[in-house]
Each structure stands twice: as structure tokens, then as C-alpha cells.
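Chemist: Residue-level listing of the chains:
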Amino acid sequence: MGNFAACCRGFWCKAKNPDVRVSLPAVCFVWQIAMIILFGLFVRYDEESDAHWSEHKHENNITSDIENDFYYRYPSFQDVHVMIFVGFGFLMTFLKRYSFGGVGFNFLIAAFGLQWALLMQGWFHSLDPADGQIKIGIENIINADFCVAGCLIAYGALLGKVSPVQLMVLTLFGITLFAVEEYIILHVLHVRDAGGSMVIHTFGAYYGLTISWILYRPKLNQSKNLSGSVYHSDVFAMIGTLFLWMFWPSFNSAIADHGDGQHRAAINTYLALAASVLTTFAISSLSAKRGKLDMVHIQNATLAGGVAMGTAAEFMITTYGSLIVGFCCGIISTFGYLVITPFMEKYMKIQDTCGIHNLHAMPGVLGAVVGAITAATASESVYGHEGLVNTFDFKGKYAERTPAMQGGFQAAGLCVALAFGIVGGAIVGFILRLPFWGDPSDDNCFDDELYWEVPEDEESLPPILEYNSHMVGKNTDMMSNFTVEQS
Amino acid sequence: MGNFAACCRGFWCKAKNPDVRVSLPAVCFVWQIAMIILFGLFVRYDEESDAHWSEHKHENNITSDIENDFYYRYPSFQDVHVMIFVGFGFLMTFLKRYSFGGVGFNFLIAAFGLQWALLMQGWFHSLDPADGQIKIGIENIINADFCVAGCLIAYGALLGKVSPVQLMVLTLFGITLFAVEEYIILHVLHVRDAGGSMVIHTFGAYYGLTISWILYRPKLNQSKNLSGSVYHSDVFAMIGTLFLWMFWPSFNSAIADHGDGQHRAAINTYLALAASVLTTFAISSLSAKRGKLDMVHIQNATLAGGVAMGTAAEFMITTYGSLIVGFCCGIISTFGYLVITPFMEKYMKIQDTCGIHNLHAMPGVLGAVVGAITAATASESVYGHEGLVNTFDFKGKYAERTPAMQGGFQAAGLCVALAFGIVGGAIVGFILRLPFWGDPSDDNCFDDELYWEVPEDEESLPPILEYNSHMVGKNTDMMSNFTVEQS
Amino acid sequence: MGNFAACCRGFWCKAKNPDVRVSLPAVCFVWQIAMIILFGLFVRYDEESDAHWSEHKHENNITSDIENDFYYRYPSFQDVHVMIFVGFGFLMTFLKRYSFGGVGFNFLIAAFGLQWALLMQGWFHSLDPADGQIKIGIENIINADFCVAGCLIAYGALLGKVSPVQLMVLTLFGITLFAVEEYIILHVLHVRDAGGSMVIHTFGAYYGLTISWILYRPKLNQSKNLSGSVYHSDVFAMIGTLFLWMFWPSFNSAIADHGDGQHRAAINTYLALAASVLTTFAISSLSAKRGKLDMVHIQNATLAGGVAMGTAAEFMITTYGSLIVGFCCGIISTFGYLVITPFMEKYMKIQDTCGIHNLHAMPGVLGAVVGAITAATASESVYGHEGLVNTFDFKGKYAERTPAMQGGFQAAGLCVALAFGIVGGAIVGFILRLPFWGDPSDDNCFDDELYWEVPEDEESLPPILEYNSHMVGKNTDMMSNFTVEQS
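Top to bottom, those sequences are chains W, U and A.
Going by full-length UniProt numbering, the first sequence opens with residue 1, and the numbers climb by one from there.
Going by full-length UniProt numbering, the second sequence opens with residue 1, and the numbers climb by one from there.
Going by full-length UniProt numbering, the third sequence opens with residue 1, and the numbers climb by one from there.
FYI, nobody ran anything at the bench for these hints, they're computed from the structure.
Keep in mind that the hints are not guaranteed to be accurate.
Computed list of lysine-lysine pairs in DSS-like fashion (alpha-carbon distance at most 25 Å, straight line) [as the list claims (entries may be wrong)]: (1) A:K16 to U:K292; (2) W:K395 to U:K57; (3) U:K16 to W:K292; (4) A:K292 to U:K57; (5) U:K395 to U:K135; (6) A:K292 to W:K224.
Working from the sequences, and respecting the hints, build out all of it.
Modeler: Written out as C-alpha cells, the structure is:
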């Protein structure tokens, strides 16, 4: 028994070996081949992307090619695509020596995740009962990008502390959980969540935070010298921030209803984001000596308004309602960076590198609550009869649902997202604690050297340089004293 | 009386204190709350973004959702949005130690400005007489971004020399002046200016230059060590340049007429910009020893063609006409950087950090003149009867206006823009000279340290490092001499 | 005779003088003026961008402005435009001291090339027989950007080794060759190549490689200290990579058929690119000690799937077919960087700075083959009768062509592209060997100092700094020894 315990300890606690030369290629190859086989078995073009479209047009009296959904959604798709790869990717370049890992691993897991998401979401949402196959079009690839966003949010909590193989595993399970959670929320509960405050942000954030809690590193402060930013890495991160901020109206409107739905979702998100910026600057300045602004706040909390409008953007939340949401989120999120993140790290053993609790978890939950309230208070006088039916999709078996009931279901959706995030995160967290994933040791975190060939240059030597400049100073003084004595 | 003068002098000339811990949060909070209240009182969705859209469609025999103005303008809107936040923002990161301020304050004032612009422009242009409220849709948010551009241009002249609180004040007044000026030019004079050569660029540039003239800093050369670029900050600035350059066709076509108007505006701008690039490279190379190109020219003067096409882009200026405009602007603008900016700084006491006189003022005025000439020479043979009426909106009470008259009104519009820029800039300049705005002293300009928590890294120590490397060199020499002597 | 030979040798081998103060401005001015004259003689708006559009609408029973081709293609155009200027431009910033040249010269030659392309392509494709003039609209400017891409690919092989004047010459001839080649492939052979696997990538790559072979520099290793990257230049290059990667679906769908053609092309490209990413990471990791990833692979080989889908993207290649293409290309391209590029440099005397052989040549050829096979195996059961006719344009004099014949013509198109690239490259290569173009000497390559005013900063002194840090270390030791001895 004692032997077994020792053996276990040895197994769990053996020295970290961040060599991924076998595991990373194996995972990439095997999973990509699996994707090809599964796509071969299951995925086909839908009627709008298939060459039979011209016949479909005649049959459905569609008079013009511009009625193809492609033209409604492709510009938004490209904006969302930029958010996923440049937005999330560059937002994570802020660390002084983890920019390759930030933007590079983001690239890898997003490229894998979108394929798996097309399958998982396809089975749940786009299965053609006639032939048992998934029919994909522009809306599917937007949804695949959305699904990936959940996993990238989770990566934010773990940035610099996990291996690429762990990230692939996190993505595989994350996409799977996402698809089930989304099916329950959107289809079983018939909840509206076009921009994903619940489905994407709440789920993704609690999924990542729970994993980070389970992967707690007690000696992470040994990597402290690399856990900050340098001047230019902060400017790189602003590229990510701005592309996320600018294109968030597209994110929240991408799969909203054609016409006024997309139009209104874009305007509401635009306004909420603007308000977030002002309150973020205000709190950031208020909290520091001499009113100095903190780049971490500006890079992140300015985006909170977009997260919080994920559910309500397509509703008639009013323009000032959107501003109020953004106003509150900028405050809450900045406050989170100032108080809650340090608290969580110290007392709750949750190390959250990018502060996703402040940017995604809290605003996501708030957005779900705002959505539920807005839905519950909807009325025919505000929406018009047809508008109400269209906006909340009170059709078919949901024709009898009232706004008040809808509000209740929206709240239930939030609970589902939280449950999936926390329970799913716990399970995946334990899987990621297995000792063969190639993650770094506590004193080796936030360092690209482990997984990348890093060019040797003057910038790679910050501690030595600083050391030298001090020493040189001393040196010079001693020298001049000395030469004086000599002369 | 002497006491009073001394007191005044003390008030005006007291030592600068760049602490914005009270003023910046106060301004952000109070103004954002004011926005929420004003939006609550005045701003509603228009018929295309309201949930009653489906009823509106039936009433107006609109057969398809794709007829919603959203689908005509949203892709252009997103491009304009990128220009405002990434384009202007990154263009201003070129200084070696003011990248945070360049992109960060740009972000702040644009986010505030667009809200205030929606209100101010709404009162003048989009007020629904039926209920006294502003109805907003996609065109309003594009116009709000345009309005903000005027203030960001002005910021270019002041970059590194003002506090964020001053920028907020500049924006508040700038947007207000802009809306009035725009109302007079576009509505009272019925002038066409889709891309804003007059309304945006001429106004914004003279507004900023006049303020800079009033805020003249005689001892600015004390900050000279930070007034240049470093290698990577110049590359960052190219991100701004290129996004401005690439998306300028969207800027000039975003609110042009549906159909051929937007189509033609995009093509004309595309051509003018291409020509600007070649003449900018030519003049830049011609002016330097061994033909070496100057990044300042490439970053800025290449854009001048887009500015100068702001008025005429939607007209039948012809493809070669567009090339000629771009050709001239590249020359004029680069020449401005070489000759006029130093002249203005030395003899006219106008310190223009980004050279907005070369990029916006001169090309903007030129663009207004080109627009007036193109309008005055328009004819039915070139436009067709319907085309002429549509392009210049010779409808309703303007049905009798001839192209020649239109040309005159276009020229009058330029005068209005100039007057608003200069007079408005003078007033705001004096307001900004008040001593409590927290601006930096003359020897502290162009430095992020004042308003930002700057990460300490090797890059923040250029003078020390250089100093050391010299000292070390000496040191080593002395050392070797010394050890030789010793041995 | 001996004299003549010596004279020749003197002429060809005289010391390099990279002064472009006369030649660069002359080329820019003269060619831009020529463009203006030629545009004045030949280029007019087409019916959709002309002010007569409203009359054209009535005549053709077009009911809505949204039917203007502008609305089908403008979003894709802007994405392509970003790829040309930011994508290609920033991809070439990876060298430690050639970022200005990478992004700046890319800007210059693209801005010239698109004008010349509008003319050349216009004469071949858009000449209005009624009046002998070129009528341009949105599709023309997309095609001009495409045409430029061919020359930018060629620039990739020559990066850091040529003068801007040489690049202008390369572009002038490259565009000309491109237009002829494209005419033969698309019109004479009636080949489909919407994303240009043959027309753009194969041609551009072999054009550049042949030029590089002729301009072989035997002593290029004298510039070795500048031929690598630094940490932040690699992050800059990722901006280029990601914008190329994200917008490649727009590239391949931009001029595809309205409706299902554009829709399918975007989806297929999206999938192929995703698969490329996984296999690139796999091979990169597999090939290095401890599985460390190489930024060169990630920056380039991840894009190979987009290149290889250039021909087949609009066909019914199936979703898994797209994944298979991407899968193979990621492997081939990364393998190329590991093995073929060093081999070509050592044994074939081809110096390929960016590795365009791996990113464009091999995937381009593969894409042409895939396209030919996909076309040859097309059937009415898969496409539907109307779909088959539309996709392959089996109309008019091509009404009798069968898919099998089409496959043969596709293969013939590949041969044409190869022939034009290699023969054209050989001719242009010899022209570029003339001794008056201002190119750098072998020990001065990859250095912005030659053609740019480079700001002096700490980052420009890497060798000195490193030298110092070593010396200081020694110094300090000696010092402490010494002071001990003294005391």
C-alpha cells in the first residue's frame, strides 16, 4: 500500500518534461485524419452552397442570387474570423516572452476546434433527417468560430502554464461540451443567445477557471520575471483588443435575424462598447497613484460591454439601455482586475493569466441576466406583434410562450451554461493533470523557449542587460575612484 | 493691480502637474452619465433597426430583408470603424515612447466622441418631427465615426503635448462644432461631401492646428530625445497607415448613394491612393542623401490622395482625374513634411507632431477645390439626366440648381469649414490653456510615463544603455591599459 | 577583344552603388505620368459604376440597387486588398532589419502594379468593342489586386537582395506577362481558376525563383548576421500570416460565380486552411529537437492550403476533399522549408528568402492538378445540369465541352503558367542583372540602412550590446579580482 502510494506520487509528481516531439505531432496527425474521415462520412454542402442552388432557386421562387444567405452573413463572418485569430491571438501576446505561444497556440487550437465544432454542432443542429448528413453553409462556419471562442477564452486563464498538447485536449473536450450545452440552451430550452453571453462567455470562462483551479501551481511566482509585459508587447496586445472591440458588433449580429435583427444587434453592441471604454479609463485612472492608466485594464475591460450584450443585443433593449450595460461592465471588469483577480489567486487558488473572470465570466453572467430581464419585459407595444414573434421565435411549438416565460427560460439557460462550465472544467482539469502532457514546471512558465525556436537577440537578455547596467554603473564609479587614487 | 497681474501670472504659469487622478475619472463618469440620460431622452431606433421593420416592409412593398440599408452599408461601416480605431490609433504609435498614449487616448476620445456625435448630428439631421426624437440606423453610426475622425485629426497636431482631459474637452467642443458646420455645409448650402474633404479633413486639421498654435510650447526641444521613433515603433505605425490606406475607398463610399454612387466612389479613391504612393516615394527619395526614403513620408503622404478625393469621389471625375489628384497630393504632402512643417514650427509657432497640415489640411482644401470644379463642370451628357439629379440631389427645393451654381456652393462650403476650424480652434485653444488640465511640462512631452504605468524593461532605458555602452567601451580600454601596466 | 572583355567585366562587375536618388524618383514619376495618360486614353467606368446606372437599371429591368455587382463583391474586395497590403507586406517584416523594406517596397510595387494591371488586364478582358475603351468596375479592381499578388510572390524570393528600382521593373514585366498568361489560360483555353493556383501562384513563384536563380549571389553568407529574425519581428510577421490566412476564403471566392459559387469557394478554402495548420504544427514539431516549433513554418506553411484550393475551391470538391488538400499541403510545405529550400540554395543556386517555393510553387502546382482532377470527374449527378453548366461555364462555343475535356484543358493551363513563369523570369532576370539598378552588394543585403533613413536606437546595436555584455562580465570579474588584490 505504501509502495503503491509512493508509486502514485512518483507518477504524479515526476519532474516535468516539456518535450512534445512525439505527443504534439501525434495528436495533430491523428485528430486531423479523424476529421477527414468524419467529414467524409457526415458533412455535405447545404442547399445554398451546393451546385444545385440554381435549381433550388427556381423551386422556391427566389429571384436573385443576392438572396443567398452568404450575402447576409459573409461580411460578419469575416469580422468574427478576425476576432478569433487576430483578436484573441494578439490579445494574448502581452507577455514579454510568450507572444509566440499566445498567438501561435491560439492559431493551432482554433484551426482544430473549428473542424470539430462543425461536426459536433452539425450533429445537434444541422443534421438532415433525410440522409443523416450534416449540411453546412455560412451560418455553420460562423457557429464553428463561435464555438472555438469558448475554448480560446478558457485558454486565457491558462496562458503560459500549459503545453500545446494540453490545449488540444482542452479544445477537444471544450467543443464537445459546448455543443451539448448549446443544444440544451438554444433548442431544448428555446433560449435566445445570438452573441453568446451564456453559451460562449459564461461557459468558456468557468470552464477555463475551473481547469486553472485544478491545475493550481503553488510555486508559480518562480516564473514571476516573465509574467509581465514589455513596452512593445503591450502595443501588440492592443492590436488584439482593437480588432475585438471594433468587430464585436459583427460578433453579436452575425447570426441574428435578417433585417432589423442584425441591424439592431450591431447598433446596441456598438453603443455598449463605447460606454465600457469610458468607465474603464475612469476606474483605471482612479485606482492608481497620480491617475496613471494600466494597460491591462485598457486591453481587457474595454471589451466587457460587448460580452454583456451577447444575449440582449438583438432585443429592443433601447440605446440608453445598451449604454447602461456598457457603463456597468467597464466598472465591474476593471474592478475585477484590481481586486478580484488577486483575491482569487491568493485565497481561492485560481491563477487566471488574462483575467478572463473579469472580461468573460462576470460580464457574461451579467449579460445573461440583462437578457432575461429584457426578454421578460418585452411587449407587443414595443416590438409589434410580428416583431415579437420573430425576435423570440414564438413559432411552432413555442407559439404559446409569453415574454415572461421566456425570461424564466433565459435564466435557466444561464444555469445550464454555469453547470457545464464548472462540471466540465473539473473533469477536463483532472485529465490535464495526468503527468504526460508535457507542461512546463512552475519555474518555467510564460516562456516561449520551451515550445519554440526563439531567435537569439538582444531582446532575449533583459535580466542580464539590467544586471549589467547596474554593474557597469558601479564599475565606472569604482573605476574613476580608482584611477584618481592611482594618479 | 500689480498684485492681480502677479496673481494671474501665478495662475497661468504655475508649474505643470500632470496628475489626472481626479479630473480624468470625473470627466469620464460625468460625461458618460450625461450621455445615458440624453440617449434616454432623445435616441430611438429608426424604422430599419426597430422590431417594427417587418410591418414597415409590408407597408412599403419591400420584398426582401436584403433591402435593409444595413446590407448596403455595414461592410463599409466596419472598414471605417477600423480606420478610426486601428488606422488613426496605430498611425500615432510612431513615437518611441508615446505608443500607449497614441493608440490609447485615440481609443478613449473616439469612444466618447461617437456617442456625443450621435446626439449632435442626430439633432441636426435625424430628428423625427413627429415625436422630437432622434432615430438612428447604420448611416448614423457611420456619420458618428466620421465626426470623430475630425477630432482625431486634431489630436494628431497635439500628440504627446496634451493630457487626456484636454483631449476629452477638445473632443466635446470639436464634435459640437463639427455638427453645426456639417449642418450648414450639407443642409443649408446643400453641398455634396460624401468623404468629407471639407467637413472632416479641412475642419479637423485647422481646428487642431489653431489649438496647437495657441498652446505653443517654446521649450519643446527639451523633450527632443523622445520626439523621434524607434525601429519597431515605425513598423507599428505602418499598421495604421495601411489600414487607413486600404479602407479609404470604404470611407469615401460609405454614405454615398446606393448603387453606382458607392461603386464609383470606391474606384476613384482606390486610384487616387495608388497614385499618391508613387509620388510620395519619388519625392521622399529625391529629397534625401543617397535617395534614402523617410518613414514619416511613407506613413503619411501616401494617404493624401484619399483625403483629396473626399468630395469628388462620388462624382464622374473620371479614372485619370482621380490619378491626377493622387499624383499632386503625394507631391504636395511630402513637400509639406520636408519644408512647410519645419517652417511653420520655426516662424509661425505651430508645432504639428504628426504633420496634419500636410496630410489633412492641404489635401483637404485641394479636395474641396477639386470637388467644386468637378461639380461646376458636370453635364447631362456625362451623367445622364437622372444620374445628374441623383448625384447632386437636385430635387425638391434644389430642383432648379445648376451644376455651375453647385460649384459655387461647394466653394462656399470650403470657407465655412475653414472658418469653423480656425475660429473654433481659437476658442477651444484658450480654454485648453487653463492651468488645471494636467498637461505635461515642456521637458516632459512625448512620454507615456506621465499618464501610464509603463512596464520596466530594457527598452525603457535607451539613454542609459547607450551611455553604458560608451562607458563600457572606455572602461574596457582603460581596464586593459591598466592591467597591462599592472602586469 | 581582350579590352572589350575587360570592359564588359568592368561594366558588369563594378562595385555596387545602392544610390537610387535619381533612378527611383525617375521611375516613379515617369511611370505614374504614363499611367495617367493611358488611363485618360483608355479607361472609363463600366455600366454599374457610371452615373448612367439608373438608366441601365430601367433598361434591364433591374429592380434594386443591391443587384449592382458592387454589393456581391465589395466585402471580398476589401479582404483581398488587406491581403495584398497588410498580408504580403507584414509577412515580409520577419527579418530583423528589413521590416521597412518588406512592408514599404511591397506597398510601392503593389500601388504601381494595380494601375498597370487595370490597363493590361483591361485590354485583354474588358475592352468594350463599341468604343475601344476599357470599362472598369469592382471585378476589375479585384483582378488588379490578384495580378499584383503574382509580383509580390516573386518579391518574396528576392526579399532583401534587390533595390526598389529593380522591384519596379520586376513588377512592370511581371504584370505584363501575367495578363498575357491569364488571357491564354482563362480565355483561349477556357480554364477555370478563380483563386489563381495556376495563374497567380504557380506563375508568380516560378517567375520569382527564376529571377533569383539568375541573380544568384555567391557571397550572400556575408550578410548572414542580418538574415534572421528577432523576437518582435516574428510577431509582426504573424500579423501578415493571420490576415492572409483569415481572408483567403475571400481571395478564392472574390470572383467566383454569384450565389453558390462564392459560397462554396469560401467554405472549401476555410476547411483546407484549417487542415494545413494542424499538419504544419505536426511536421514542424516532429523535425526539431524537443519538439520545438519553428516560426518560419507557422508563418508560411499554414497558408499552403489556401494556395492549393485556388482552382478547385469553387468546384464540388467536397468538404473532406478540401481537408485532404489542406492536410497534404501543410506537410509538403513544411517539408519544403526543412529540406528543399536548403537543397535549392546549396545545389541549385536558388536563394529563396521567404521560401516561396514551399508556399506558392509546390502548393500552386498541386492545386492545379487537384483542379484538373476535380474538373475531369465532375458529373451532372453531383452538380445538376444547370450547376455543371454554370460552374464550368459550358456555354456559347464551349457548350459541347465535357468535364473530361475540361480536365485536360486545366492541365494545359498549368503548363502555360509554368512556361510563362520560367521563360519570363529568365528574361527579366537578365534585365535585372544590368549594373545600374542600385542593388546592394553581397555583404549589404537584408539591411534597411541602404534605402531608408533608419532611426538610431538601442535596437539598432545588437552586436555592440552583446559584445558589451560579455565584456562587462569579464570586466566585473577582473575588477573584483583586482580590487581584492588592491585591498
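Chemist: Compare the structure with each hint and give your call.
Modeler: Okay, the hints, checked on the actual structure:
1. A:K16 to U:K292: 16 Å, holds
2. W:K395 to U:K57: 20 Å, holds
3. U:K16 to W:K292: At roughly 16 Å apart (the allowed maximum being 25 Å), K292 of chain W and K16 of chain U satisfy the hint.
4. A:K292 to U:K57: 59 Å, violated
5. U:K395 to U:K135: 23 Å, holds
6. A:K292 to W:K224: Roughly 23 Å separates the two Cα atoms, so the pair holds.
In this structure, the one hint that does not hold is number 4.
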